[in-house]
Amino acid sequence: MALPYDSAPKFADYAHPEKLVTTEWLAEHLGDPGLVVAESDEDVLLYETGHIPGAVKLDWHTELNDPQTRDYVDGVGFARLMSEKGITRDTTLVLYGDKNNWWAAYALWVCTLFEHPDLRLVDGGRAKWIAEGRPVTTDVPQRPGTDYPVVERDDTKVRAFRDQVLAHLGQPLIDVRSPGEYTGELLHMPDYPQEGAVRGGHIPGARSVPWARAAAEDATFRSLKELEAIYAGEVGLRPDDDVVVYCRIGERSSHTWFVLTHLLGYPHVRNYDGSWTEWGNSVRVPITRGENP
Amino acid sequence: MTSITLPPRLAEIAEDFGALADRDRLQLLLEFSRELPPLPDRYADRRDLLEQVPECQSPLFLAAEVSGDGTVHLFFDAPPEAPTTRGFAGILHAALDGLAADEILETPGEFSSQLGLHDLVSPLRLRGMAAMLARIKRQVREQLASS
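Chains D and C, in that order, give the protein sequences. FYI, our numbering numbers position 163 of the first sequence as 167, with every residue one higher than the one before it. FYI, our numbering numbers position 16 of the second sequence as 71, with every residue one higher than the one before it.
Only chain D is shown next, with the shape it has when bound in the complex:
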């Protein structure tokens, strides 16, 4: 039983307004049957300091990844995780988090691999909820367990692997890292040293659009017009393009994947989660340095 969509006028412009909710909508629907709210943060302790009442924690690092192989959990692991969180296949799963929803968008993308039907992001995320003085609690909800079905992960639609990216060269690629990482001056994100690669630069042909350009100062997504000006205007993407986005490990690019797929409505966008930590360490893959694609 899905919850009603948020009819906020801002969302109506987007291709898929049903993928977003406002903080107002969420405040109104907290506690509704059929709704589970999940917080996914970069800082693993932030949820414990206080979260939206009733929200469960979804940890990208310890819960969505396979503990051994560099991959996501499989269908059995995802079903177990969702069941523990009290989520069913019919649940409206609303995600939010810190840093412009960076990790929440990543969690949403991983849930998309399992084609969970109703996934939404809170526009503005944790920062907006708190800035508006809305309630937070440290109470951890005890939701009754569910029996989420085992659904095999579909890696064909929204996920790209290294060899597919090699075959994709010459077609649109968006590098969402910082300018210094793109040119190759930096082997890692500013302030995030040592999570890097042995070579710096970008995938040949990739255009640089740092992910946070899609977010406004209050962490909400920019308007459709502003997003079109960036991705269609500056970069020249067309809706029917086959697009691959990447960053360092696939988290920042999940945010851009969400923007291109759900806000602009481009149907063929894939996230290369191997990203620079795979490409920049791979033997004999082509690399471009400097400011030009």
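FYI, nobody ran anything at the bench for these hints, they're computed from the structure. Note that the Cβ used here is the ideal one computed from N, Cα and C, for glycine as well. Wrong hints could be hidden among the right ones.
Computed far set for chain C versus chain D, every beta-carbon distance over 12 Å [unchecked claim]:
#1 E67
#2 V121
#3 D152
#4 K192
Restraint-style ranges between C-beta atoms, simulated for each label pair [what the hints assert, rightly or not]:
#5 C:P163 to D:P183: 35 to 41 Å
#6 C:A200 to D:E238: 50 to 56 Å
#7 C:P135 to D:A216: 18 to 24 Å
#8 C:G125 to D:I234: 56 to 62 Å
#9 C:L75 to D:A16: 48 to 54 Å
#10 C:T126 to D:D167: 55 to 61 Å
Below, in silico cross-link-like pairs of lysine to any residue (SDA-like), each with a Cα-Cα straight-line distance of 25 Å or less [stated by the list, open to error]:
#11 D:K61 to D:P145
#12 D:K132 to C:P134
#13 D:K89 to C:R80
#14 D:K61 to C:E197
#15 D:K229 to D:P183
#16 D:K89 to C:G125
#17 D:K23 to D:E232
#18 C:K192 to C:Q82
#19 D:K61 to C:R89
#20 D:K23 to D:P297
#21 D:K89 to C:L175
#22 D:K61 to C:L85
#23 D:K61 to D:G149
#24 D:K61 to C:P63
#25 D:K89 to C:A76
#26 D:K132 to C:R190
#27 C:K192 to C:T162
#28 D:K89 to D:A171
#29 D:K61 to C:G73
#30 D:K132 to C:R80
#31 D:K61 to C:H173
#32 D:K161 to D:H33
#33 D:K132 to C:S113
#34 C:K192 to C:A76
#35 D:K61 to C:F72
#36 D:K61 to C:R78
#37 C:K192 to C:D77
#38 D:K61 to D:P139
#39 D:K89 to C:Q107
#40 D:K132 to C:A76
Starting from the structure of chain D, add chain C where the hints point.
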């Protein structure tokens, strides 16, 4: 397995972490983040006197002071929205504040591996804690050399 000799309070903290299940370890880290004392006025008004630790994923500033009797006092500043970083600072403060300068200099840089946080916190963040200690040691050495 090589064992590392830690200063007694740090060894005790490592033992406390080791005795807990994963979820409770995060709670303990959260407690350390809450117990991190605020900056005294002389630093709160002069944050430029603190040194930033860029290896941390969130803004973290610190200062180490060697006092006349040779003991070291530590000061940390990290925002409340970065509880993990604050927690690491809180551990260092609880474990090392008030120790003699040479005890701090002898604290092994790899102590963070003793806290059992590897499965919970990305290795990158744990390196941030080692980087805090490295900068504390450097400040202590500089003050010893100039005294």
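Hint by hint, here is what the structure shows:
1. E67: holds (21 Å)
2. V121: holds (28 Å)
3. D152: holds (22 Å)
4. K192: holds (19 Å)
5. C:P163 to D:P183: 35 to 41 Å: Holds: the Cβ-Cβ distance is about 38 Å, inside 35 to 41 Å.
6. C:A200 to D:E238: 50 to 56 Å: Since A200 of chain C and E238 of chain D have Cβ atoms about 53 Å apart, the given range 50 to 56 Å holds.
7. C:P135 to D:A216: 18 to 24 Å: Once the Cβ atoms are compared, 22 Å apart, the range 18 to 24 Å for A216 of chain D and P135 of chain C holds.
8. C:G125 to D:I234: 56 to 62 Å: holds (58 Å)
9. C:L75 to D:A16: 48 to 54 Å: holds (49 Å)
10. C:T126 to D:D167: 55 to 61 Å: Taking Cβ atoms as reference, T126 of chain C and D167 of chain D lie about 59 Å apart, which means the hint holds.
11. D:K61 to D:P145: holds (10 Å)
12. D:K132 to C:P134: holds (17 Å)
13. D:K89 to C:R80: holds (20 Å)
14. D:K61 to C:E197: Violated, at about 44 Å.
15. D:K229 to D:P183: holds (24 Å)
16. D:K89 to C:G125: violated (52 Å)
17. D:K23 to D:E232: holds (18 Å)
18. C:K192 to C:Q82: Not OK: K192 of chain C and Q82 of chain C at ~28 Å, beyond 25 Å, violated.
19. D:K61 to C:R89: holds (20 Å)
20. D:K23 to D:P297: Cα-Cα ~32 Å, so violated.
21. D:K89 to C:L175: Holds, at about 18 Å.
22. D:K61 to C:L85: holds (15 Å)
23. D:K61 to D:G149: holds (15 Å)
24. D:K61 to C:P63: violated (35 Å)
25. D:K89 to C:A76: holds (19 Å)
26. D:K132 to C:R190: Violated: K132 of chain D and R190 of chain C sit about 35 Å apart, past 25 Å.
27. C:K192 to C:T162: holds (9 Å)
28. D:K89 to D:A171: Status violated; Cα separation ~39 Å.
29. D:K61 to C:G73: holds (23 Å)
30. D:K132 to C:R80: violated (29 Å)
31. D:K61 to C:H173: Holds, because 19 Å separates the two Cα atoms, which is no more than 25 Å.
32. D:K161 to D:H33: violated (31 Å)
33. D:K132 to C:S113: holds (19 Å)
34. C:K192 to C:A76: violated (32 Å)
35. D:K61 to C:F72: holds (22 Å)
36. D:K61 to C:R78: At roughly 12 Å apart (the allowed maximum being 25 Å), R78 of chain C and K61 of chain D satisfy the hint.
37. C:K192 to C:D77: Between K192 of chain C and D77 of chain C the Cα gap is close to 30 Å, so the pair fails against 25 Å, i.e. violated.
38. D:K61 to D:P139: holds (17 Å)
39. D:K89 to C:Q107: violated (38 Å)
40. D:K132 to C:A76: Given that 25 Å is the threshold and the Cα spacing comes to 33 Å, the pair is violated.
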